[in-house]
Every structure is written in C-alpha cells, then in structure tokens.
Amino acid sequence: MNVNTWLEPIVFFLFAGVVLFSAIGIVLTRNIVRAALFLLGTLGGVAGLYFLLMANLLAAIQLIVYAGGTLVLIVFGVMLTSKSPWVRFAPSRSEAAAATTIGLVLFAALAKIVTGIDWTVAAHPADQPATVRQVGNLLLQQYLVPFEVASVLLLVVMIGAAYLARPEN
Amino acid sequence: MSQATIPWIEPVPEKRVAMRRKALLVLFGGGLTALIVGCVMLGVFRALPDQVGTIVFILAGVLPILGGLGLIPLGLLNGSVVLTTLGFAQIGIGALVGGLLKATPIDPLVVGVLLLVIGPIAAGLAMLTAAGVIVAFKQVVQLLLMRWTALILFCGGIVSIILLVWAHAFVFRYVAQLANDTTLNTSATTTFGGDLTIAELSTRFSGNWRPVAFVLWPLQFGLIRDLIAMGGVIGFISIIPLYTIWWERKVAGRIQSRLGPMRVGGWHGWAQSFADGMKLICKEDFVPPEGDGTLFRLAPYLAFVPAICAFIALPFATTYVFRDLDVALLFILAMLGIEVLGVIIAGWASNNKWSVYGAMREACQMVSYEIPMGMALLVPVMTAGALRLTDIAKLQQDGFGSWLAWNNPFCLIAFFCYYTASLASCKRAPFDLPESESELVAGFHTEYSGFRWSLFFFAEYAAMFAVSGLAVILFLGAWYGPLPLSWAPAGNDIASAVVRGLLFDGPILFILKCGLLLYVQIWIRWTLPRIRIDQVLYACIQVLLPLTMLVVLGSTFWLLFDNSAHPAFESFAKVVRGLLSLVGVVISIAIAGFIIFGFVNRRRLVGTLAIEHFPGS
Amino acid sequence: MTIEGIANLLKEKFPDAGIEARLESRHPHVIVKPEHWLTVAEFLRNDPQLKFDWLRCITGVDYIEDKQLAAIYDFHSTQRPAQSDGLWSARGELSVKVLAPRDNPMVPSVCHLWGAADWHERETYDLVGINFQNHPDSVDDLNGRHPRRILCPDDWQGHPLQKDYEFPLEYHGIPAVTEFGQTRPLHG
Amino acid sequence: MADTVLESRPDLNLDVVRDEIGDVRTEEMLVNMGPQHPSTHGVLRIVLRTDGEMVLEAVPHIGYLHRCAEKIGENVAPYQYIPYTDRMDYLAGMNNNLAFSLAIEALTGLEVPKRAQVIRVIFAEMNRIASHLVSMGAYGLDMGAFTPFLYAFRERERILDLFEASCGARLTYSYITIGGVTDDVPERFIDVCREYLDYFEPKIAEYNNLLSFNHIFVKRTANVGIISAEKAINWGLSGPSLRGSGVKWDLRKVHPDCGYDEYDFDIPVGQGLKGQLGDCWDRYFVRIQEMQQSVRIVRQALDKLAGTPGEYKHKSGKSVKLPKDEIYYEIEGARGQLGFFIQGDGSQIPYRVKARGPSYCNLSITNEVVKDCLLADVPAIIGSIDVVMGEVDR
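Chains as they are written, first to last, in the numbering used here: chain E, 1 to 169; chain S, 170 to 786; chain Z, 787 to 974; chain G, 975 to 1368.
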C-alpha cells in the first residue's frame, strides 16, 4: 500500500469539492465580484484536477488564460461599468426561466454524454505525462486546420474589438 | 535623574520580578522534566525491548485519554475554556495514537522513540536554553552589544541558512539512495508503504548512532520530504522580502545621500525588517465598515498564496527544485497572473475610490504586460527548444558565452523587453501606478494596515524575486558561473564541493544573480519618475508588443538558419555570438567598475554643515 | 497714461458715474459708484488706450463710520515687449475704489472680464460681505443669492472682517475661547 | 457635500457627454482629492469629476488652513505682525517679511539704511533659492521620483544653517523687519555664503541631469497643463507660473525696490523647449533657472555688502505711526507677486491689512487647466503651480 494510493483520492475529492462548491456559489451569490471569485475557485479546482491527471500543460494553460486573464478582465469590466459600489444581479423572471431552461438542457446533454461513454480506466493512467512537445506536434500536424481556424477567429474578434473601441473622429 | 512617571503605565518592578520568576520556574521545571522523561524513556526502551509495544500504548494512548478525562471536569468546573479544550484535544490525540497503534501493525518502537524520546529531549533542550537566556539576560545583552556581534550574527545567519539548505539536500539524497540501495534487505514493507524499516535502517548505523535511523525513517516518504521542503520554501520566501526591504532601504538611503536604517540589530540595522514586522503585527486591524469585509480579508491571501506557489516550480539549482514541472515557465507566469486578482479584489473590497483606481490600473497594466512578457520569454524557450526550466538551464553550463542572452541579437533584445515587462508586472517603479502615492494616496492598499498590508508586501517582493529568477534562468546562465562547468573540480571532498558551489554551479550563484537583478530594480525605482497610465499602455501596446513580435519572428528565422545545414550562416552566428558575449563582458566589467568606483569614492556626508563655520557654534 | 489722465478720461466718458480721483493719497485711486462699475470696468478692460488686462487684487474694507463697504481693485496694464531684451513692462497702474452702502452692499461682478476676479470676489464676500451680483459661482440661501464662500465654511454666519462682527462662541458644538472672553476684538 | 457643490454650479451639467477625446465612455465618479492627500501640498481639497482616468471637472476647496491672519493684522502693531507674515508662505518667510516691511515703510515714508537693503536682497534671494529647491524636490516627488527631493533638502539645509546663524530661526525667521533687519549678519558670513554658492551652483546641473531632462519626467510634464500668456494674465498669475507662459515680467525689473536695479540678472521665461509654451515643464524649468539667477544676485550683493558698512536698521522701526492713508504694495516673492494692502487710521495699529498671496491667485486657475486631463496630471499641474496652502488660506 503506497502513500499515493490513498492520498490521490483525498486530493481528488478535495479539488472536486472546491469545484462543486464554487460552482454552486456562482449560481447562488448575487454579488458579481463574489461570483467572479467563486469562478476562480472553479477554474483553479479544474486546473488542480488536470494536474492530478498529469496534464500539466492543460492545467497551466487553464490557470494562465482563464484564472489569470479572463477572470481579471471580468472583474475589470465590472468595475468600469458599475452603477453602485456593490453590484448585484437582479434577474427578471423571464431571464430566470430562460436560464433554467438552458441549464436543464445543457445538464441533460452532459448527462447523456457522461452516461453514454464507456469509461475504460487504464491500468495506471498517464504514467508518462503528456509532454508539451507531443501537444505541439499534434497541434501543428494532425489538428493544424482547426488550430488555424481558431487563430483566425481570435484575430476577427480582436479586430472587432478594436473597431468598437476606436475614437469616433 | 529623578524617576519619571508616565501616568498610563504603572511601574511595578515587583510584578515584573514575579513574572520572571514564574517564567523561570516553568521553563526550568518543564525543560528538566522533559529532558528526564526523554532520557528515562530511552533507558526504558533499551532495558525492556520486548515490552516496548505495551509501554508505548499506555504512555501515548491511554495516559493522554486519562489526563483528558481528568481535565475536562476541572475545566468545566472552573469555567475555563482552555482547560476543557485541552482535555478534549488530549483525548483526541490519545485516541488517535492508540487507535493507530492497535489497528495497524505499525512499529511501536518508531512511534515511541519519536514521541517519547526525541520529542521530549528536543523540547527540554529548547526550554532550558530559553531559561538560560532569561537568567543570563544582562550578559546576553552585553554580548549582543559588542562591536562585531551584530555582523557575526548576520553573516552567521546567512552561513547557517546555506548550511541548513545544503544539509537537508544531503540528507534527502542520502535517504533516496538508501531506498534504492540493494545491499539493504528491503523485502519487508511497513504499514504506510515505503521500502525501509527501522531495522533495516539501523543496520547502516553502528552502536550509538542507531537512533539516527528513527529520524531518517519518516524521510523515505515523498510526502514528508515535500512537507519539509515546502516549509523551507515558505521560510525562504519569508526571508527574501524581509531582506529585500532592508536592502532596498539601505540602497535608497545611499542613493539619496542618507544612511538608511542604522539602529535595529546593530550592524547597519540588519534587523530593521523584523522590528517592522513586529510593529505591523501589533497595529490596528482595520476593516472598512462600508466595504466588503469578507473579500477585504480574503484579498491579501489571494495575492500572497500565488506568489508562494510560483516558487513550487522555480528551480534554484538542478536539484534544488520543489517540483521540476515540464511547464514550469507557464506555471510561474500563471501564478504571477493570479496574484493580480488579489490586488484587484483588495482595491474593490476597500470601497475606496483611490483603491478602485489602483485596482483598475493594476488590472489593465497586468493584463497588457503579460503578453509582451510571455512573448519575450518565448525567445529563449525557442532557442533552447525546451519548456522545462532545468533543461533550459542545462544549455548554459558552458560558461559566459553560452548564456542565452548572448545567443543571438534577438535574445538580447528579448531580455531587455522581458525585464521591462517584468517591472510592470511586479508594479515596480517606474510602473508603480497601482500604488502611486502621489496620485492615488496608496492605491489598492490605501485601507490596509498591519499584517494584511504586510502580506501584500511579501507578495510583491516574492514576485520580484520570482521574475528576477526567471530572467536569470532564461537569459543569464541560470545557476552556473561564468566559467564552464567542465573546469570545475570533480572531487567528492568538501573543498571541491565548496569551490563548485561558489564558482560553478548551485543555488548560491543563482541567489546572487537574482540579487543583482533585484538591485537593478531598486536602483531604477529610486532614480526614475513614474510614468502616466496612458504612457504605460502606449509603451506596452505600441512599443513592447510589436518589438517582441519582431524579436520572436527574427529569432525564428535565426534558428532556422543557425544549424549545420547552413554552414556560412552558422559561422556568422558564431561570430555574432562572440561579439555579443564581448558586449556582455564589457557591460559586466562596467557595472563592476561602477560599483568599485562608488565604493572607493564613497562619502558619508557631502560637505559639512554651514553653521559649524560660525563662532560660538 | 498717468492716473490723473485716466481719471479725467473716465470723468469725461462717464459724467454721471460719480467719479472722484484721490490723487494725493499714497495709493492714488479713482472712486466709482457701484451701479456704474460694470460699464466702467468694461471700458477699462477693453479701451485700446487703457487695456487694464491684469486684475492684481480686490480688497474689501469696511468703513464703518462712513457706513460704507469698499471694494478696492488694483490693476496693471501690461505692455508687450518693445525692447530687444523681451521684458514686459507696465503701461499703467490703476486703483479703483467702489463704495457700496453698508446696508445693501451690492457690486456687480467682473468675473467675465478678469478671470482672477472669481476667487477675489468670493473672498471679499466671505470676509467683508460685499455681495457681487451675477458671480458665476453663486449660491442661494437664507442670505439671498451671493458668491459661494471660500475661506470660511459654507454655513458660516456673518463676515469676519466687518468691524461690528461678533465672534461666535460656538460652531457646530465646537466651543471657542477668546481672549478675556471678548467676542469683538477692540480696535486700537 | 460634493454633490451639492456641483449642483450649485449652473454651468455644470452632469449629463453633458464630453466626446472630444472620443474614448469609450464609462461611469462617472466624484473623487475627493484631499484635504489629506500626499500631492496636494497641504490641505487643499479638490473635488474631481472623473470618467475613468479622465478628469472632467475639478473644483478646488480651500480654507482648511485659514488662521484669520488679516483679522489679526487689524489688532496688532506692524512690528508685531511680522511673525504672522512668516506663517503665510512658510517656505519663503523672508520674502513675506520683506513685502510687509516695504509696505509699511512705503506708507510711513521710513528710510531704510543702505546696508539693510543689501542684507534684505541677500536673504530674499537665498530664501527664493530655498523655496525653489523645495518646489523642485516636491515636484519630483509628485512625479514619483523620490531622490531629487532629498537632494533638494540637502542643499536647503545649508541655506537654513546660514539663516539660523543670522537670526536663530530655520523656518519662521522674522528677520527682515520694519526699517531694516533685526540683526547684522554674523562674522565670516560673506565667506561662508560664498563657499555655499560655489558648492551649490554645480548642483543645478545635477538636478537637470537627474530630473529636468529625464525622459520620463519630460513626458509627464511637457504639453501638460498649458497656460497661454493671455490666460495667465487674465487669471492674475504671477511669478514663475506667469513667466512659464513666456511673459517676461518681474517686479524686480518693473518696479525695482531694495536697489534691485543695481544688480545684473536675467529674467528666465518659458520657451516651450520640451513642448508647448506654458506647459508644466516650462513653469518647472523657470524655477531652476531662477535659482541660477538668484545665485548671481547674491554674489553681487555679497560684494556690495562687504563695501557697505553702517546701520542695519532704522531706529524708529518698532514704533511707526500709520498715517490716515492707504497703500497697496507688491514685491516679487518666490511664488509670484506678494502684495499687502494696508489702511492706516492715524494710530499704531492698521485699520485693515490685506495680503494678496501669489499662491491664492495662481491656484484659482486650477479648474481651467485641470479640465480634461488625466488623473495623473492633476498632481503634475498643481505641483507646477507650486502652491503653499499657508498662503492660500492665510
């Protein structure tokens, strides 16, 4: 019996708990900044799960892009546009109904996928962590087209943002 | 002089004497008792090796439970929360230890020696030392006030920290070797896993050294080693800010023709930061009543914890790394990015307009400077063809000329781009807009005080060290000296180890290089005015970003041609590399000459006071 | 132009403005009635001969015996450099005293002519109590429409530099201590 | 409080969208800068209406340091009032003493001995240097450069040493008084002062290297807070703030008193070297150049002092009787034209004393200049105007 064999489930449940707790927090809190902080918990917890699965690159990207970049931008946007110091959600009934519907549909789809997949567990998964080199090779050879399409999409977004923010004159 | 009485402090020497006596009693009594208990237990264990299990079970399991059962009614009767809690804690500990001993076939000898012999002896020695200090207080103070004591203490502290680090690495390596040693009989496994039992370890130590096996036994577990190493890392990160702050104040003082801290601790006020820390802890703990209290309390930790986490992946030398991640670079950048969130939340939760300004500036500054910073870091990564920091470092072990900064012209430009961007990402001058005191009062930490405020500073200085460390690893030859590693003495003796550690390879060189970059950060801060926010963003988006893009592009082409397929270009690249190294040598010599010139021509005070010229003064 | 010439010019231009010249004083000045002050000021500012473009100071004085409040304006008229050294010089200096009755001290504001008048008028209202009409930074309160106070708090009562001003012994619960308990420092 | 202030200004309309900058518009915010703020140089309070980092409107509020100096002036004899003038512009106390003394002397026709006039020039100019040093250092501090501040104080300390040796005080001197100065300069003063000037003069080049021509500093101050010559005169600006706009006007040349016409010196003006004429950098650099000119004047005055023996004070300075007349007298102080209006009523005590502080008039232009600049420019502009709140509030 190895230390890691009983430590790993503990850590997994820890991270999973953080993810779940924060996700529920996002839904329940009415303060946007707090919701953003809960989002940090979710994103960080998921990154932790990636680390646990030895997907180091994915975890680091998750942290750097979502937690370090997107989240900061969200909070930044909230601060720039706030009407009162404590921004609160006040969803109308129709909005709440729409959100519930979408949420349920999404949940159903995810549940279908999760139950539909045959989860075969490798004897000892990912003993050799996926290296950055492998990921890079895959992206630039096998998945070159989607990779480039994504980059073009981002470029379009950037140009659009610059257009929207340009001076009037 | 007459006895001056301050009305709000009653001078009661009797009370103080009583307190001293009480403390002495507790320390002496406790220390002696613990020492005796430890020695007696050792004797008991040696005398009755067969009964060890029973003795340990009774002493470590049953006795605490009994004591707890006795304490709880006592605490309840006296209404003392402390006693009651203590009682419950004792019961808990007793139950845990007893349960562990009974339920698992764990070696009771290990638990017994760790809990009942080594623990009491260590505690006893510590308490006796404290008692001795109280007794010899005056003599100790006399000793501390002696001329060279402070300097010796300071230098001794540094040497002992280095020794400690070295020793712990040595021990870890030794234990790891033992685990793989085939000469030991490693057929048995202990309850918690691991390959070594006490008995096996003991065979390595003869006679009186056998107890060492008990200390080494836990170290075979990675978790324990990690915990100890983590403690070391956190300790080191706590010491970095303390001394960087002290050093910054000294350097600033010299730059401004002042002296800087001179009092606390004796030699150049080396203990100033400790005194400040104590002061900060004692300060009022203010939470703005109109702010978001929860987030306000949380924010310092959000800034502090990621800054520490960055050190998880930051190697100090090839083996001095907590986790040698293959994505270490990305991980450190991510952690520095998350640190910003703490700052933003702090500014937001303070409900102070200046704080919000600081937070907004931090957000837009950080988000924009992360891009040129990452782009500039791509250049050495591409040149090295690796993302693991230790791999990149390994490329630079062939002396000054092999450092990546002089590898090609683009690397050198990338180094300066990175350094500029790193100043901005650590909110250091001239990019210290989030806390610019002349515009925003104190920016995001306007409302913070005491310990929480100091956490922000710890985070800032830790981040400064982390970005300097990245610069050193990626551009300035990591932990290798300017001489090729192949020249290093290869012997296993202490002398060649010292020479290797000081001149060729190892964490000391790394810390020295980081210190040099930190010094440049300090130097810039006390020389330059602050940039305006639009100029900050202009410098990022219109200067640094295109520049780093060009550099990445250029370096790509350079790497494309700089190989054996293009012999002409390869030889050209060699010449360029040589020239650039020469530039590097010249810069280094210039800086050294600058320092020497400054030291030789140092003056304490410029001129004398005019008033001394006048009669009667 | 000398002050005598300016006084004569003004008398000629504004025969009914009650212009008097006090040339024997160490501070030679011209006295103008408040109701004509605005037109006189515009003339002083815009007349190509005079062009008093620099308002140096406005002083309020309480002449309690004459039952008058005086607003004393000091002007410079600057001359662009003619010499090679580029030095500007003063083409002329002028002081104007506008005497307003103490019971209704109304003087037209000249902020639109000289930007500097803004704070000076506010201060003169605050300390001496001369009410400048149509001041751009005016407030309405119990005392009517008047320039916003500048040195004293917005809710201060009275004008401290009037000679019959009585020092309040309490302000928002803050007790005041005066020498010998006097609320009105004796003059002389 | 801040809201009511804005409501009371009819020319302000909160709904007006200022789109000249063409930036994305965000939520407007009222920010209270001061009275406790590091870069308002005392207890100035400015209510800023901001849109992000842009300042749309700045309303200064003063009076936090009002000490009723004019009321006190109506109750003490001129000789007793000298210490109160020190406390107006506390960075240039000598100049304040000088202005009040000259006003009283002009009103009463008191003759000042020749030697006293030379001493007055030396001390007024030395104090101008000391005051400009603080101004320069504090301006660097406003821009985030800490070090020039301490260099400036290092030099200022030695000027204060000279003052201390002469009159015993380092901040509120009351040295120049009615009818002359309170005491003669100490022995060896001329030598020590010359030594100091030799030491100080090269330092000006050091400040220029460290701060004035620093690229970041120039970027922060050039083309910021531009005041045209017409605007400056219209708002009654004076001193370096006026000369920064290119107006070569100095009362020491226009109406020389204390024998300023006997000294050879230049009037530095802004030339738009680094940006547009009349920007913050010009105002700042005029002060640096003025220090150089003050050194020139002091050198000449020291020569003159050595050759001017005699009384340092008029005997009846303590007991002047004010005629039933009035006077308005201005001198060129460190920050601009410092004026005193004094109304006498035949007794020893003035009927009315009014101080025209240059900082007061210079500060009144704040809103005109600060409008539509960045938040970080507010300290830059306030610092370049160089106000001393003691003089603004009196």
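One or more hints might be untrue.
[To be verified] Quick list of in silico lysine to aspartate or glutamate cross-link-like pairs, DMTMM-like style, CA-CA up to 25 Å:
| # | chain 1 | residue 1 | chain 2 | residue 2 |
| --- | --- | --- | --- | --- |
| 1 | G | 1193 | S | 606 |
| 2 | Z | 949 | Z | 879 |
| 3 | Z | 819 | Z | 871 |
| 4 | Z | 819 | G | 1299 |
| 5 | S | 419 | G | 1180 |
| 6 | G | 1298 | Z | 879 |
| 7 | G | 1298 | Z | 851 |
| 8 | G | 1227 | G | 1277 |
| 9 | G | 1205 | Z | 839 |
| 10 | S | 522 | S | 459 |
| 11 | G | 1278 | G | 1319 |
| 12 | S | 522 | S | 674 |
| 13 | G | 1227 | Z | 839 |
| 14 | S | 522 | G | 1342 |
| 15 | S | 522 | S | 454 |
| 16 | Z | 853 | Z | 879 |
| 17 | G | 1222 | Z | 927 |
| 18 | G | 1222 | G | 1175 |
[Stated by the list, open to error] Partial pick of chain S residues on the chain G-facing surface, computed with a CB cut under 7 Å:
| # | residue |
| --- | --- |
| 19 | 315 |
| 20 | 608 |
| 21 | 699 |
No lab work stands behind these hints: they were computed from the structure. The beta-carbon is built from N, C-alpha and C at its ideal position, and this holds for glycine as well.
Hint by hint, here is what the structure shows:
{"no.": "1", "hint": "G/1193 - S/606", "in the structure": "holds (19 Å)"}
{"no.": "2", "hint": "Z/949 - Z/879", "in the structure": "violated (29 Å)"}
{"no.": "3", "hint": "Z/819 - Z/871", "in the structure": "violated (41 Å)"}
{"no.": "4", "hint": "Z/819 - G/1299", "in the structure": "holds (21 Å)"}
{"no.": "5", "hint": "S/419 - G/1180", "in the structure": "holds (22 Å)"}
{"no.": "6", "hint": "G/1298 - Z/879", "in the structure": "holds (22 Å)"}
{"no.": "7", "hint": "G/1298 - Z/851", "in the structure": "holds (14 Å)"}
{"no.": "8", "hint": "G/1227 - G/1277", "in the structure": "holds (21 Å)"}
{"no.": "9", "hint": "G/1205 - Z/839", "in the structure": "holds (10 Å)"}
{"no.": "10", "hint": "S/522 - S/459", "in the structure": "holds (12 Å)"}
{"no.": "11", "hint": "G/1278 - G/1319", "in the structure": "violated (38 Å)"}
{"no.": "12", "hint": "S/522 - S/674", "in the structure": "violated (50 Å)"}
{"no.": "13", "hint": "G/1227 - Z/839", "in the structure": "holds (19 Å)"}
{"no.": "14", "hint": "S/522 - G/1342", "in the structure": "holds (24 Å)"}
{"no.": "15", "hint": "S/522 - S/454", "in the structure": "holds (20 Å)"}
{"no.": "16", "hint": "Z/853 - Z/879", "in the structure": "violated (28 Å)"}
{"no.": "17", "hint": "G/1222 - Z/927", "in the structure": "violated (44 Å)"}
{"no.": "18", "hint": "G/1222 - G/1175", "in the structure": "holds (23 Å)"}
{"no.": "19", "hint": "315", "in the structure": "violated (33 Å)"}
{"no.": "20", "hint": "608", "in the structure": "holds (5 Å)"}
{"no.": "21", "hint": "699", "in the structure": "holds (3 Å)"}
Violated hints, in rising order: 2, 3, 11, 12, 16, 17 and 19; the structure is consistent with all others.
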